[in-house]
Amino acid sequence: MKEAIYLIFLVSVGADTAEHAAHHVAEFKPVTELFRIINFLIVVGVLYFLLSKYIRMFFSSRRDGIAKTISEAEQSKISAEKRLSEWELKTKETQSVILQMIEDAKKEGQFIKDSIIKSANEVSKKMREKAGREIEYETKKARERLREGAMELTLKMAEDILKKRVTKDDHVILVIEYTNKMTNNQITISR
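Those letters in the sequence shown? Residues 2 to 192, by the numbering used here.
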């Protein structure tokens with residue numbers, strides 16, 4: 002390659018000298034022109050002989066480099082498309098998994114909601130039943146207390162009325178009647 006550069010330099014210097022000389026000569030000489038053409042063809046032939054190997058190698062390596070680059074680019078494209086399709090597949094799978102998880106979460110949420118409502122209804126029912134039993138029990142106790150109080154009050158009122166209206170003679174008659182009834186009851190019980 003260094004030889005080719007050196008040769009180009011020498012040819013350019015020679016061409017420059019020939020041009021410089023041509024300005025001074027005003028007449029056309031066919032022999033001189035023939036030598037110039039022959040000289041030019043020799044220079045081109047020598048350059049072709051010396052540089053053709055390097056030029057072929059340059060263009061061959063350039064062609065191989067371009068082919069290699071194109072091949073690598075195609076391989077990269079195929080690899081990228083393959084990875085893209087893999088990622089798209091993974092994305093679709095992930096989306097379906099996410100949708101399934103959301104659906105499962107909704108179902109589980111609904112199940113939990115239903116179980117909480119059912120449990121709350123059961124607790125509410127039990128509380129109402131318990132409250133009803135307690136109200137019934139307390140009502141019963143209150144009625145018994147009212148009866149006892151009413152009986153005591155009735156007895157006291159009857160006693161007060163009897164104290165005011167019954168005389169000692171009436172009292173003696175009542176005691177005799179009571180004892181007679183008690184003895185009659187004992188006789189019937191014994192039989």
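In case anyone wonders, no lab produced these hints; they're calculated from the structure.
Do not take every clue at face value.
List of simulated lysine-lysine pairs, DSS-like, C-alpha gap at most 25 Å [said to hold, decoys possible]:
#1 LYS126 - LYS142
#2 LYS127 - LYS142
#3 LYS114 - LYS93
#4 LYS93 - LYS83
#5 LYS182 - LYS157
#6 LYS157 - LYS141
#7 LYS69 - LYS83
Simulated DEER-style distance windows between Cβ atoms [claimed, not checked]:
#8 ILE6 - PHE41: 14 to 24 Å
#9 LYS83 - LEU42: 35 to 45 Å
#10 GLU109 - THR70: 55 to 65 Å
#11 THR180 - ARG144: 30 to 40 Å
#12 GLU109 - GLU87: 57 to 67 Å
#13 VAL124 - GLU87: 33 to 43 Å
Computed from a prediction, not measured in an experiment: that's the story for all the values here.
Just so you know, even glycine gets a beta-carbon here, dropped at the ideal spot from N, CA and C.
Taking the hints in turn, this is what the structure says about them:
no. : hint                        : verdict
1   : LYS126 - LYS142             : holds, 24 Å
2   : LYS127 - LYS142             : holds, 22 Å
3   : LYS114 - LYS93              : violated, 31 Å
4   : LYS93 - LYS83               : holds, 15 Å
5   : LYS182 - LYS157             : holds, 24 Å
6   : LYS157 - LYS141             : holds, 24 Å
7   : LYS69 - LYS83               : holds, 21 Å
8   : ILE6 - PHE41: 14 to 24 Å    : holds, 20 Å
9   : LYS83 - LEU42: 35 to 45 Å   : violated, 57 Å
10  : GLU109 - THR70: 55 to 65 Å  : holds, 56 Å
11  : THR180 - ARG144: 30 to 40 Å : holds, 35 Å
12  : GLU109 - GLU87: 57 to 67 Å  : violated, 32 Å
13  : VAL124 - GLU87: 33 to 43 Å  : violated, 54 Å
In this structure, the hints that do not hold are numbers 3, 9, 12 and 13, in rising order.
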